[in-house]
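The lines below spell out each chain.
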Amino acid sequence: MLLTSMPRAMKGDSIFYRLSFTSAILIFLVLIGIILSLIDGGWQALSEFGPGFVFRNIWDPVNSEFGAASAIYGTLVSSLIAIVIAIPVGLGTAIFLAELAPDWISRPISMAIELLAAVPSIIYGMWGLFVFAPWFSEGFQFWALENLVGLPLIGPWFDGPPIGIGLLTAGIILSFMILPIITALTRDALKTIPNVVREAAYGVGATPYEVITRVLLPSIKNAAVGAGILGLGRALGETMAVAFVIGGANRIETSLFMPASSISSTIAQQFNEATNEMHISSLISLGLVLFVLTFIVMGIARLLLRKR
Amino acid sequence: MKLLKSVVMSSMLVAASFSASAKTEVINGAGASFPHPIYAKWAEEYQKETGIRINYQAIGSGGGIRQITAKTVDFGASDAPMDIKELNKEEMIQFPMVMGAIVPVINVPGIESGELKLTGEILADIYMGKIKKWNDERITALNPGIEIPEQAIYVVHRSDGSGTTYNFTDYLSQVSPEWKEKIGRNTDITWPKEATTIGGNGNAGVANFVGRTRGAIGYVEYAYAKQNDLTYTQLDSAEGKFLQPSMETFQAAAANADWKNAPGFELLLNNQPGADSWPMTAATFILMHKDQVNAEKAEQIIDFFEWSYEKGDELAADLDYIPMPETVVNMVENVWKEDLTSNGQTIIE
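Chains A and B, in that order, give the protein sequences. Here the first sequence stands for residues 1289 to 1596, numbered as in the numbering used here. Here the second sequence stands for residues 549 to 897, numbered as in the numbering used here.
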C-alpha cells in the first residue's frame, strides 16, 4: 500500500511545486512588465529632465517644465500623518477588542471595523470633502490659528487658510482609511494567541497591563508590523480620497493647512485633460517615481522594524 | 413538416434581427467631459428617432485627442481646439459642436447674484494675489453704493485638469499681459503663490468650496452656477460694457466670433468683439479623420452631427448650453463636404 501510494504523492508534490513556482515567477514578470512600461511611457520626460526630475520643485504644464518634488513631498507627508495617527489608535482598538472588551461590545465594533475596510476610497473622499472638511475648518483650524501658530517649531505647521482641506486633512482622511486594516489584522493576530499563554502569565501574578505589553504584544510583533506596512502601502498609493481633500496645489509649503498634492492624486486629476506630450510623459514618470518610492519606503519600514 | 416550418420561421427571425442590428451600428466617441450631458441627451433622442446608437465616453479632452489619433474611436472631442499644424499632420478635421459659458462665482456676505461688477483685469489680479481683500479700492471704486465687507479673498480653482481652466486662463491671458507672461493658459497651470488658493475637484468641487467658504471666488460652467444657486458677478465685455451672464450675452459672443478667419476652427471664444458679448464663452470641438475607412459609417456620424445642429438646439438650451449660430453650421457643413473622403471619394454631397 505504502509503496504504491508514494509515487502519486510525490507527483502531487511536484505539480504543486511547479504551480506555485510559476505563480511566483509570474508575479515577478508582471512587476518587471509594469516597470518597463512606465519607463517607456515616461521616457520623454525622464530623458529631458534626467534623474533630477525627482528633486525638481516645479510643475508647470504651461511651459512644459516638470519635476516630482512637490508630489513626492505631499505623498510622504500625508502618509506619515496617516501612520502617526493610525498605528497607535489601531493598536489600541485592537487590544481593546481582543483583550479587554466584553463580547457584546467587541462583536459589533469588530463588524463595524470590517465594514469600514470595505468602504470604497472615493466615499472617504466625498465624506472628507463634504462632512469632515467643513467641520475641521470650524472645529479645529480656527482654534489652531489662534492658539498654535505662536508656538515655536510646530507653529508654522498651522499657519494657513482655515479652509478645511490641505495636507493635514488628507493625512487624517488617510488615517481613517488605513485604520480598519491595521485594527483588524492586529486583532486577529491577538486572537490567535492560545489562551494558555494568558493564563500562564496571569498565573505568575502579572497584571492585565503587563500581560498585554510584555507577553501578548511581543508575540504578535511581526503581524503588527505587517499590518502597519500594509496600511502604509495603502496610504502611499491612495488616490481618489486624497484627490478630493488635498487641494491640488503642486508646491511645497511648511504649513499643513495649505493645499498640496500627492503623486497619485496628481496623476488621477491631470491625466484626462493632459494634451501635451511632455505633460503626459511626466505624469507617467510620476507613476514610476511612486513605484520606486513605495519600494524604498517599504524597504526602510521593514529594516527599521526588523532591527528591534 | 411542423418542425421544418418552425426551423424556417426561427431562422428568418434570426436573419431579420441580424439585418436590423447591422443597421443599428454603434458609433463610438470619446473625449471632453464638459459637453457630456448634452452629447448623452442628443444620443438618446437620436436613437429614439433613428435607431442608431451613439456611445460617448467622457474621458477628458486629452483622452479624446489620444483616442481619435490612435483611431480607437469614430470621433474625438476636446474643449481645447487642436492647433492647425497638429491637425494637418494627423490629417484630421475639427469643428465646434456646441458652446458653454464660464462665470465667476463669489461668496461675499451681503452681496447678491449679479450685483457685483468685476473687470477681467481685476479678476486676473485677484487670481494673482495682487488684490487680497474684497474691499480693495479697485473693487469698491467700481461698485459705488454696494457695501463690501473687509474680507480676505480665497481663490478657488479646479484641482483637476480641465477645459474650463483652459478657457478661464486663456481669458485672463487676454485681459492681463502680466498673467499671459507669468502664468499663461492650460488645462492645468501653476497657480500663483501670492494668492490664497483652494483647489476643488471638478465643477462640483469648486461650487462646493465657493458655496461654503466666506470670501471665496471661483469659476464654473454657467449651468453649475445656476443649478447650485451660486452668487455670480457681472463682467465687462471687450468693449467695456458691464454684462450679466445670460443666454443673450452668451449668444452675442457666439455670433460675434470671427470663425471665418480661424483655419481649422481653431478659435477660443473669449473676449470676442461686440458690446454685449459675454467675455468667457467657449466652444467644444469634435475631431475626425479626413480619410474614413467606412464611408457608410462616416455618413451616419455626420448625419448625427447635422441632426444635433438642426434639431438639438432646444435640448442644448435646456441644459444651459449655447447652440452654434447658423453661419458657423454652414461653414462646418462645407468642411464636411470638402475634407471628408473615403478611398479618395468625397462622402457628403
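Bear in mind the hints are in silico, worked out from the structure with no lab data behind them. Values in this document were obtained by computation on a predicted structure and should not be read as measured data. Treat each hint with caution, since some may be false.
[As the list claims (entries may be wrong)] Derived SDA-like pairs (lysine to any residue); straight-line CA-CA distance at most 25 Å: (1) B:K885 to B:W855; (2) B:K596 to B:R614; (3) B:K678 to A:R1539; (4) B:K681 to A:N1351; (5) B:K730 to A:F1430; (6) B:K678 to A:I1383; (7) B:K728 to A:E1434; (8) B:K741 to A:V1485; (9) B:K728 to A:R1539.
[To be verified] The calculated label-pair distances, taken between Cβ atoms and stated as ranges, are: (10) A:V1372 to B:E742: 28 to 34 Å; (11) A:Q1332 to B:N576: 26 to 32 Å; (12) A:I1346 to B:I632: 25 to 31 Å.
[Claimed, not checked] Covered, in the sense of this in silico footprint (three residues per stretch, anywhere, with C-beta under 8 Å from a C-beta of chain A), are these stretches of chain B: (13) 598-612; (14) 644-654.
Where is the CB? At the ideal position from N, CA and C, for every residue including glycine.
Now for the hints, and whether the structure bears them out:
Taking the CA atoms of B:K885 and B:W855, the gap is near 16 Å; set against the 25 Å cutoff, the hint holds. In summary, the hint linking B:K596 to B:R614 is not supported, as the alpha carbons are separated by about 30 Å, beyond the 25 Å threshold. With a CA separation close to 19 Å, the supplied pair B:K678 and A:R1539 stays within the 25 Å bound. For the hint pairing B:K681 with A:N1351, the CA-to-CA distance comes to about 30 Å; that exceeds 25 Å, so the pair is violated.
Simply put, B:K730 and A:F1430 have alpha-carbon atoms about 33 Å apart, too far for the 25 Å limit, and the pair is violated. A C-alpha spacing of about 54 Å is found between B:K678 and A:I1383, which places the hinted pair above 25 Å, so the restraint is violated. Restraint check: the Cα-Cα separation between B:K728 and A:E1434 comes to about 38 Å, which exceeds 25 Å; the hinted pair is violated. At most 25 Å may separate the alpha-carbon atoms for a hinted pair to count; B:K741 and A:V1485 exceed this at roughly 59 Å.
About 21 Å separates the Cα atoms of B:K728 and A:R1539, which keeps this hinted pair within 25 Å; it holds. A beta carbon spacing of about 32 Å between A:V1372 and B:E742 agrees with the range 28 to 34 Å that was offered as a hint. The hint said 26 to 32 Å for the Cβ distance between A:Q1332 and B:N576, and at roughly 28 Å that hint holds. Against the hinted window of 25 to 31 Å, the Cβ-Cβ separation of A:I1346 and B:I632 comes to about 30 Å, which satisfies the hint.
Only residues whose beta carbon comes within less than 8 Å of a beta carbon in chain A count, and the region 598-612 of chain B has 5; three or more means the coverage holds. Counting residues of the region 644-654 of chain B whose C-beta sits closer than 8 Å to any C-beta of chain A gives 0, which falls short of three, so the coverage hint is violated.
Violated hints for the displayed structure, listed by number in ascending order: 2, 4, 5, 6, 7, 8, 14.
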